[in-house]
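Chain by chain, the residues:
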Amino acid sequence: MRTPSTSPTRLHIDWTRCQGRGLCTELLPRLLGRDVWGYPIARDGSREPAVSPSALSEARTAVDLCPRLALSLITDVTRGPGNRKAGTSL
Amino acid sequence: MTTSRRRGAPTTQRLFAAQGPGLVEHKQRFGPLPELPGTALVSLLDRSGLTGRGGAGFPAGRKIASVTARKAVVIGNGAEGEPLSHKDAELLSRAPHLVLDGLQVAAAAVSADKVVMYVPSRAVTKIKAAVSERRSAKVDRHRVTVVAAPDGFVAGEESAVVRRIEGGPALPRDRTVPSSISGVRGHPTLVNNVETLAHIALIARYGSGWFRSLGDPSEPGTMLVTLTGGATTRSVLEVPTGTQLTDLVGHLGITDPRALRAVLVGGYHGSWIPGAMVTGARLSRAGLAHLGASPGAGIIHALPADQCGLARTADVLGYLAGESARQCGPCRNGLPQLARLFEDLGYHRVDDRLVDEVCRMIDLIDGRGSCRHPDGTARLARSALDAFASDITHHRHRRCEAALTSAHGAGRPRHHTSGSR
Amino acid sequence: MIDQALWALGRGTGITALAFMTAALFLGIATRSGRPLLMLPRFAVADVHRFASLAGTLLVVLHIVLLFLDPYAQLRLVDFIVPFLGTYRPLWLGLGTLAFDLLAVVIVTSLLRHRLGVRAFRAAHWATYCLWPVAMAHALGNGTDAGRAWFLLFAGCCAVTVCGALVWRLHANYTEYAGTRTSGRP
Numbered sequence: 001m002r003t004p005s006t007s008p009t010r011l012h013i014d015w016t017r018c019q020g021r022g023l024c025t026e027l028l029p030r031l032l033g034r035d036v037w038g039y040p041i042a043r044d045g046s047r048e049p050a051v052s053p054s055a056l057s058e059a060r061t062a063v064d065l066c067p068r069l070a071l072s073l074i075t076d077v078t079r080g081p082g083n084r085k086a087g088t089s090l
Numbered sequence: 001m002t003t004s005r006r007r008g009a010p011t012t013q014r015l016f017a018a019q020g021p022g023l024v025e026h027k028q029r030f031g032p033l034p035e036l037p038g039t040a041l042v043s044l045l046d047r048s049g050l051t052g053r054g055g056a057g058f059p060a061g062r063k064i065a066s067v068t069a070r071k072a073v074v075i076g077n078g079a080e081g082e083p084l085s086h087k088d089a090e091l092l093s094r095a096p097h098l099v100l101d102g103l104q105v106a107a108a109a110v111s112a113d114k115v116v117m118y119v120p121s122r123a124v125t126k127i128k129a130a131v132s133e134r135r136s137a138k139v140d141r142h143r144v145t146v147v148a149a150p151d152g153f154v155a156g157e158e159s160a161v162v163r164r165i166e167g168g169p170a171l172p173r174d175r176t177v178p179s180s181i182s183g184v185r186g187h188p189t190l191v192n193n194v195e196t197l198a199h200i201a202l203i204a205r206y207g208s209g210w211f212r213s214l215g216d217p218s219e220p221g222t223m224l225v226t227l228t229g230g231a232t233t234r235s236v237l238e239v240p241t242g243t244q245l246t247d248l249v250g251h252l253g254i255t256d257p258r259a260l261r262a263v264l265v266g267g268y269h270g271s272w273i274p275g276a277m278v279t280g281a282r283l284s285r286a287g288l289a290h291l292g293a294s295p296g297a298g299i300i301h302a303l304p305a306d307q308c309g310l311a312r313t314a315d316v317l318g319y320l321a322g323e324s325a326r327q328c329g330p331c332r333n334g335l336p337q338l339a340r341l342f343e344d345l346g347y348h349r350v351d352d353r354l355v356d357e358v359c360r361m362i363d364l365i366d367g368r369g370s371c372r373h374p375d376g377t378a379r380l381a382r383s384a385l386d387a388f389a390s391d392i393t394h395h396r397h398r399r400c401e402a403a404l405t406s407a408h409g410a411g412r413p414r415h416h417t418s419g420s421r
Numbered sequence: 001m002i003d004q005a006l007w008a009l010g011r012g013t014g015i016t017a018l019a020f021m022t023a024a025l026f027l028g029i030a031t032r033s034g035r036p037l038l039m040l041p042r043f044a045v046a047d048v049h050r051f052a053s054l055a056g057t058l059l060v061v062l063h064i065v066l067l068f069l070d071p072y073a074q075l076r077l078v079d080f081i082v083p084f085l086g087t088y089r090p091l092w093l094g095l096g097t098l099a100f101d102l103l104a105v106v107i108v109t110s111l112l113r114h115r116l117g118v119r120a121f122r123a124a125h126w127a128t129y130c131l132w133p134v135a136m137a138h139a140l141g142n143g144t145d146a147g148r149a150w151f152l153l154f155a156g157c158c159a160v161t162v163c164g165a166l167v168w169r170l171h172a173n174y175t176e177y178a179g180t181r182t183s184g185r186p
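Residue numbers (our numbering), protein chains in the order written: chain E, 1 to 90; chain R, 1 to 421; chain C, 1 to 186.
So here's chain E without its partners, still in its complex pose (with noise of 0.2 Å):
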């Protein structure tokens, strides 16, 4: 997997799909918290929360695992022109 050094990578949450169902929440709990509903919400407050790379192992367990198919993880890569591929998880 190539992960270039100078952008982050981010954890794409689609809110169509989640359900609240709290699997990432807890591969993730530095990451995300969750909220009074159930919904994951990032603990920086950002849209697409940044993953270190210590936690990029369980970020994508998290991605295979969601019962929703909701996460996917993005760099700025993957968001360039010429890719069109929308949602590509690492």
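Any given hint might turn out to be false.
Simulated restraints, written as ranges between beta carbons of each label pair [what the hints assert, rightly or not]:
#1 C:L38 to R:C359: 45 to 53 Å
#2 C:Y174 to R:P257: 53 to 61 Å
#3 R:C359 to C:L40: 46 to 54 Å
#4 E:A50 to R:V355: 46 to 54 Å
Which residues of chain C face chain R? A partial, calculated answer using Cβ under 10 Å [as the list claims (entries may be wrong)]:
#5 S110
#6 H114
#7 T180
#8 R181
By construction, these hints were calculated from the structure, which means they are not laboratory data. Here a beta-carbon is modelled for each residue, glycine too, at the ideal position from N, C-alpha and C.
Could you slot chains R and C onto chain E? The hints should help.
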């Protein structure tokens, strides 16, 4: 440098300069549409400083430049789901050919494969008629399809537009890449507000220098504003950017600053500006930034002194909660809850706990959805807490300043049904 | 001798597969609830559900291969794909084939779920509610040990587990946050 005297370039009244909405009057006033080779439009728009007139204010040239791949789709967005806005409807009614000209220019610039006009159902017949008028006159190079936009608040959101054009519902969709890269069925898609397209049509004829001759230098040109509130009914005006808010409010018949409680700038996803701060404020990014507001799509709504800002905001939040696409948990759950809390704030009892709960609920919805509906709602709620802070204190003591100012004497402040056109 | 072994293993893997499928169904319902299960956190519930499904699938494949190799069973290749064409107890054998077909659809769509998207994945996954009763009927009807007490006890336990899970599934407070949330899309 283009001479702005050529073909009698319009001066202050630009968009409605033609004598009538038909193609004949349009041609009479503006002449033919010049052909602009590919990259020429982008640099022309960059020089002119035109920003999007749909609310986001993104530089028009840059947006077109970001559509680079083949088989592009170009969409003119006239959906205007905001109840307080009427400028797009007015433009489509009185100057549809400027919009359609702009659409052709944009389509040519990105070598579009598909060109669509997305307008409310009530405008479909008129626009279809204008399109076929142009087809008979062999004016258009690209064939234009007209798609009806449903009436909801979020129907004009960019991903909702894309989805509707694909044949799905007009509801936002989650995105990880911008529409300019992947939009309608994965093709690069350019979505422009109809007013932006109309300005593009004029800039193509009269040049960037002409466009910049009016308005705020940092965001030049003219813009359409929809004025509501006060004694007069709704009106749509074309004004230079950077116009004084007091002038605009004056058009509504409100000249005494004490008669104005606040002004809502930017519609239901905008910000309240308290009456006292309106003097000196100008309708531009620079002119409003210090007040935490932005011109948005030029919606100016005046709140007279005898109406309660908290009550009005509560009504609006109720409407916004009802307009949620209900696809995303925090929005579906949070907006109705925020509306209920604000109803207490506006109409019932107020205490510290309530204000804290309101703040917490705003934080819970902000930024947590696939579109910006919860964000805009949070912005409105926060601006209300700021602008009507003194009213919160009054309500704590079971008094209301608006009710006291009301011509009908003491009692509950006048209600306002929001969402009515 | 080998035949006896194949026959015994063929049946044994079938019964064990059924046990794993029962566990997988139960754990699938537990995953859907969004709740932790006993000491298992939510992500572990999902993980064990997948493990049980894949283990069960492996056992089904073994069950099929062993019976195919067993001359006593007299099964043709087509009997493993197209149901109800068999010679020995065609109805019950056919149900087994049908169960395998359903299983193949569920497993393949699950493994490819990220490519198919959540709607296609979920739609195919509903087939699991059909899969278990078909597999159980096949075991009861086709299984040589079906009349034996220990088998009936085993089948009874599986049935109780599934029924319990279904009752739970249909309960009002089934999902963790059912009480605090407003309803979804109309």
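Quick check on a hinted range of 46 to 54 Å for A50 (chain E) and V355 (chain R), using CB atoms only.
32 Å, violated
Would the hint on T180 (chain C) be counted as holding, given a Cβ-Cβ threshold of 10 Å to chain R?
Hint on T180 (chain C): holds, closest Cβ of chain R at ~8 Å, below 10 Å.
Can you tell me whether the CB distance of L38 (chain C) to C359 (chain R) sits inside 45 to 53 Å?
At roughly 39 Å between Cβ atoms, C359 (chain R) and L38 (chain C) fall outside 45 to 53 Å, so the hint is violated.
Is the distance from the Cβ of C359 (chain R) to the Cβ of L40 (chain C) consistent with 46 to 54 Å?
For C359 (chain R) and L40 (chain C) the Cβ distance comes to about 37 Å; the hint is violated.
Cut-off 10 Å, beta-carbon criterion: hint that R181 (chain C) touches chain R
Interface hint status for R181 (chain C): holds (6 Å vs cutoff 10 Å).
Confirm or reject the claim that Y174 (chain C) and P257 (chain R) have a C-beta distance inside 53 to 61 Å.
58 Å, holds
Closest C-beta approach of H114 (chain C) to chain R relative to 10 Å, hint status
With a closest approach of 14 Å, the H114 (chain C) hint is violated.
Regarding the hint that S110 (chain C) lies at the interface with chain R, is the smallest CB-CB distance below 10 Å?
Interface hint status for S110 (chain C): violated (22 Å vs cutoff 10 Å).
The structure does not agree with the numbered hints 1, 3, 4, 5 and 6 stated previously, though it agrees with the rest.
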